[in-house]
Amino acid sequence: MALSYDDVIAKYEPVLGLEVHVELNTESKMFCSCSTTFGGEPNTQTCPVCLALPGALPVVNAQAIESTIKIGLALNCQIAPRSRFARKNYFYPDMPKNFQISQYDEPICFDGYVDVEIDTEEGPKQFRIEIERVHMEEDTGKSLHVGGATGRIHGAEYSLLDYNRAGIPLVEIVTKIVPGTGKYAPEVAKAYVAELRDILRGLKVSDVKMEQGSLRCDANVSLRLIGSAVLGTRSETKNVNSLRSVERAIRGEMIRHAELLNEGKKVKQETRHFQEDTGLTRSGRSKEQAEDYRYFPEPDLVPVAPAPAWIEELRAQQPERPSLRRKRLKEQWAVPDKEMAAMINADALDIVEETVLLGADPTKARTWWLGEISRIANEKEIALTDLTISPKDVAEIVALVAAGELTDKLARQVVEGVIAGEGTPSEVVAKRGIKVVNDDGALMAAIEKVCAEQSETADKVRNGLIPAAGALIGAVMKETKGQADAARVRELLLGHLGQPSN
Amino acid sequence: MIKNTAAQMSSALEKGETTSVELTKIHLDRIADVDQKVKAFLHVDGESALKQAAAVDADRASGKKLGPLAGIPLALKDVLAQEGVPTTAGSKILQGWKPPYDSTVVAKLKAAGVVILGKTNMDEFAMGSSTENSGYGPTFNPWDLTRTPGGSSGGSAAAVSAFEAPLAIGSDTGGSIRQPAALTGIVGVRPTYGAVSRYGLIAYSSSLDQAGPFGRTVLDTAMLHAVIAGHDPKDATSINAPVPAVVAAAKSGDVKGLKIGVIKQLQGDGYQTGVQARFSESLDILASLGAQIVQVDCPSFEYALAAYYLIAPSECSSNLARFDAMRYGLRTGEVDGASAETVMNATREAGFGREVKRRIILGTYALSSGYYDAYYGSAQKIRTLIIEDYKKAFTQADVLVSPTSPITAFKIGEKSEDPIAMYLADVATIPVNLAGICGMSLPAGLADEDNLPVGFQIMAPAMQDQRLYQVGAALEAALVSKWGGHLISKAPALGGAR
Chain A
1 MALSYDDVIA KYEPVLGLEV HVELNTESKM FCSCSTTFGG EPNTQTCPVC LALPGALPVV
61 NAQAIESTIK IGLALNCQIA PRSRFARKNY FYPDMPKNFQ ISQYDEPICF DGYVDVEIDT
121 EEGPKQFRIE IERVHMEEDT GKSLHVGGAT GRIHGAEYSL LDYNRAGIPL VEIVTKIVPG
181 TGKYAPEVAK AYVAELRDIL RGLKVSDVKM EQGSLRCDAN VSLRLIGSAV LGTRSETKNV
241 NSLRSVERAI RGEMIRHAEL LNEGKKVKQE TRHFQEDTGL TRSGRSKEQA EDYRYFPEPD
301 LVPVAPAPAW IEELRAQQPE RPSLRRKRLK EQWAVPDKEM AAMINADALD IVEETVLLGA
361 DPTKARTWWL GEISRIANEK EIALTDLTIS PKDVAEIVAL VAAGELTDKL ARQVVEGVIA
421 GEGTPSEVVA KRGIKVVNDD GALMAAIEKV CAEQSETADK VRNGLIPAAG ALIGAVMKET
481 KGQADAARVR ELLLGHLGQP SN
Chain B
1 MIKNTAAQMS SALEKGETTS VELTKIHLDR IADVDQKVKA FLHVDGESAL KQAAAVDADR
61 ASGKKLGPLA GIPLALKDVL AQEGVPTTAG SKILQGWKPP YDSTVVAKLK AAGVVILGKT
121 NMDEFAMGSS TENSGYGPTF NPWDLTRTPG GSSGGSAAAV SAFEAPLAIG SDTGGSIRQP
181 AALTGIVGVR PTYGAVSRYG LIAYSSSLDQ AGPFGRTVLD TAMLHAVIAG HDPKDATSIN
241 APVPAVVAAA KSGDVKGLKI GVIKQLQGDG YQTGVQARFS ESLDILASLG AQIVQVDCPS
301 FEYALAAYYL IAPSECSSNL ARFDAMRYGL RTGEVDGASA ETVMNATREA GFGREVKRRI
361 ILGTYALSSG YYDAYYGSAQ KIRTLIIEDY KKAFTQADVL VSPTSPITAF KIGEKSEDPI
421 AMYLADVATI PVNLAGICGM SLPAGLADED NLPVGFQIMA PAMQDQRLYQ VGAALEAALV
481 SKWGGHLISK APALGGAR
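Quick mapping for you: the protein sequence lines, in order, are chains A and B.
Using the numbering used here, you'd call the opening residue of the first sequence number 1 and step up by one each time.
Using the numbering used here, you'd call the opening residue of the second sequence number 1 and step up by one each time.
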């Protein structure tokens, strides 16, 4: 009964709409001076304003406005000369005021676009995603509903509230409807969110960590018969917390919608929650009866009216676009397509560039990050950037290898040591007593010993069977605890056995 | 001594003729004496008041330079947060709540050495014109204990009128300082919107609320005004400009050559005969002092009351949403299996009074989708028209005047069953709030028919608050010399040491 994705796209055209919430990385909250640091003890980062004590008033964080304008400019938006905050009224215990200060009919940025590129079997394809609006709002607190089957407030035995997050600045980026992506819809959506993430990271306005919720995507999907001008009913999938999930969620919703439509059923307009484990969505709150938020202009705040000169100043400070940067780095570093894609997928562009800027050879830097270090990160199931090893450490290791003070094999031990928290590469080298055996005398002693022990193999080499030397070299390396330079061992060994060394 | 003005007390303190502790004690005694009749206070904090007074006395003894109101006692409307002191806004939903912070007004009072005696009664969340809507019972008018002192700052007005405090702070959203000042025969000023910080003022209607001073004289009121006004970065709507020279204006009191505009729409039908008579008499006095009286037309004022009763409830429906039993205040209905929603509902049901619920429902309706344009939207348009009317009128006159209240103090219970009649008590004061300008009420005498105080209202453009005091002081001086003393000295004795 389950339709295949090919069945779906043969008959239907998907229409997307993406809403991305970004937590800004300002030091203080949107409307008060409380800290925004992630992971504090519950309710320690609160004050009369973000707890909505009687009489407390909001004051706009100027840094948040600056960050939002930067985002708007990077997304090719118009910046409103005057915009307003509004109150979105609804009751929920994790929202202290029981209204959210947001922007409604007068957002600060509007009418922009982002170009994204995806790889297809027909070669790279470009899509333009139009941006409807970028607006500011505040985050809610967090609630933990204990007891009850669903983990939701209904049926919970009790609920715990943490207001540390209440009032953290959020920017919401809303696309216009995105038609015309056809079968590529899931990939385009993923590429769009990835591009947004890269842009935001380049602007340094957010941590953009999807897994910590500092970048959250709600995906609206609807289907219409190919050729039809009428939009279908959409569902809105929340909780999409990784790039891969964006793709999976949209693909899954397309199939779910198509199955309903093929059976002559209606798609319900509702909020759905993405479930990482199954890749499916489950029904949330129904939106058939539109909730009435009773928006009205926030009377406690004055309109936001950024000076045109300031906007131009921010425009002039805009960093390089991520797509252009990728193109530039690919050329500068002479990276093959496949490796470039791997680096982007692994989110390693920034750290590799940082490492290169610290003097490391681009290929070496890339090889370390995508090779050994990525392997360890995968083992530990954490992000590359969350390891304790820094671009500075890697640059140092590359330099030590280049100077002949480490072999590649020894360098791997150093990487391991740095990640284990043993200190900087030179500290690890010192502590572990790692050193390349450069003393030819010591090497010769080991070589003689090994040749005596494995005289049959040594004879084979003497008789011109060069490949047999590998076993002897291995034994010598073992004898010198891996601290010898394998190339030098090979040279000395072949010389010892009367063979040319190159 | 309690009958003295704050200015007189201030000079007695400076000359060493009295101490702040002594002043505080006699006012606490007075409160103990009469407040069971007046019920102006919800909470009297004698111990901290005396401690604060002693600190001011010590500062004075050590030769520290003090402000003019240092050591003077004051009554604070319970709508302002004061750290560690019960603050209820007259509502049961906040019973027992002690703010962990000071409102900016309180911080300024403390910094100026003003001694806070306690918190005064008010209509719940400042919604009302008689103080009968308090969750803790009504306040009684010292002029006639069967009557209301007006509202919503009825407790503060009654405290000053009954000599329980020489000064008080109120808040004025639609007339809540000026109308009770009129009904109790004292002076009250609603400063320009944004002139006094709203930080820590429990919000009723954010775009209309403004704290302000009460005193028994124009000068006393100006001295308090100067202490509480000024820019505050914690209030985004606070005006960043120097405080108008209100004290100097109150001391000069000159109206020669000034144009005084009488608003056609704020007189006639619905205005009590005695009110109208005292108002005309005051106009004659101002003319005799050299002012030029002109008539001005403000046609949109007809719709002011209607616009107010859409805007204020709309904002309050949102402002009062935070009272949900989750973080502070009353919590009820917490029986086994009760959901958060049930507890919220039960708490709001039990904690809010009838008028508050009425306005929340009204405002929720006015903001709802499909009705927004017709109600909240139209009301905002009327607000713009009223601003335009004022703008035009102020091209014709330096200040505008009207009776403060169409009627004198009414009987307790007389209007409590008829919201529209109650709302009409603010018909002359509301336009000022909608336009965000400033207004004063000062005593114009007693109405012949009931021997109760009548208020004279002066209005000035935004941040021209000094004009209120200039005109008010001139009129006051003429009236006082005519009466042979302040009107308040004619108030009947309440018993105790007057």
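No lab work stands behind these hints: they were computed from the structure.
Since the model is a prediction, treat every value here as computed from it, not as a measurement.
Where hints are given, some of them may not hold.
What the hints assert, rightly or not - Cβ pair distances, simulated, as ranges:
id: 1; chain 1: B; residue 1: S369; chain 2: A; residue 2: N262; range: 31 to 41 Å
id: 2; chain 1: A; residue 1: N262; chain 2: B; residue 2: G337; range: 56 to 66 Å
id: 3; chain 1: A; residue 1: A309; chain 2: B; residue 2: A306; range: 42 to 52 Å
id: 4; chain 1: B; residue 1: P242; chain 2: A; residue 2: A309; range: 20 to 30 Å
id: 5; chain 1: B; residue 1: G337; chain 2: A; residue 2: A2; range: 49 to 59 Å
id: 6; chain 1: B; residue 1: Q276; chain 2: A; residue 2: D292; range: 44 to 54 Å
id: 7; chain 1: B; residue 1: T342; chain 2: A; residue 2: D292; range: 16 to 26 Å
id: 8; chain 1: B; residue 1: E341; chain 2: A; residue 2: K266; range: 26 to 36 Å
id: 9; chain 1: B; residue 1: G96; chain 2: A; residue 2: A309; range: 28 to 38 Å
id: 10; chain 1: B; residue 1: G337; chain 2: A; residue 2: E211; range: 30 to 40 Å
As the list claims (entries may be wrong) - Residues of chain A clear of chain B, computed beta-carbon distances all greater than 12 Å:
id: 11; residue: N89
id: 12; residue: K97
id: 13; residue: N98
id: 14; residue: G182
id: 15; residue: E211
id: 16; residue: T271
id: 17; residue: A403
id: 18; residue: A452
Glycine is no exception: its CB is placed at the ideal position from the N, C-alpha and C atoms.
Outcome of the hint check:
At about 35 Å, the CB distance of B:S369 to A:N262 agrees with the hint of 31 to 41 Å. Checked against the given bound of 56 to 66 Å, the beta carbons of A:N262 and B:G337, roughly 43 Å apart, lie outside it. In this structure, A:A309 and B:A306 meet the distance hint of 42 to 52 Å, their C-beta atoms being roughly 43 Å apart. Range check, B:P242 to A:A309: Cβ separation about 27 Å, and the 20 to 30 Å hint holds.
Restraint check, B:G337 to A:A2: a C-beta distance of roughly 41 Å breaks the suggested window 49 to 59 Å. Checking the proposed 44 to 54 Å range against B:Q276 and A:D292 shows it holds: the Cβ atoms sit about 46 Å from each other. The hinted range of 16 to 26 Å is satisfied by B:T342 and A:D292, whose Cβ atoms lie roughly 21 Å apart. Distance hint check for B:E341 and A:K266: the Cβ-Cβ separation is about 30 Å, which falls inside the suggested range of 26 to 36 Å.
A hinted range of 28 to 38 Å for the beta carbons of B:G96 and A:A309 is inconsistent with their spacing of about 52 Å. The hinted window of 30 to 40 Å between B:G337 and A:E211 holds, with their beta carbons roughly 36 Å apart. At roughly 5 Å from the closest C-beta of chain B, the C-beta of A:N89 falls inside 12 Å, breaking its exclusion from the interface. Once the 12 Å rule is applied to beta carbons, A:K97 is inconsistent with being away from chain B; the minimum gap is 5 Å.
Chain B draws A:N98 into its interface by the beta-carbon criterion, the shortest separation being 3 Å against a cut-off of 12 Å. Every CB of chain B lies more than 12 Å from the CB of A:G182, the least distance being 36 Å, so the non-interface label holds. With a least CB separation of 29 Å from chain B, A:E211 remains clear of the 12 Å interface cut-off, as annotated. A:T271, annotated as away from the interface, keeps every beta carbon of chain B farther than 12 Å; the closest lies near 19 Å.
The Cβ of A:A403 sits about 57 Å from the closest Cβ of chain B, beyond the 12 Å cut-off, so the non-interface label holds. The Cβ of A:A452 lies farther than 12 Å from every Cβ of chain B, with a closest approach of about 82 Å, so its non-interface assignment holds.
When the structure is compared with the earlier hints, violations turn up for hints 2, 5, 9, 11, 12 and 13 and for no others.
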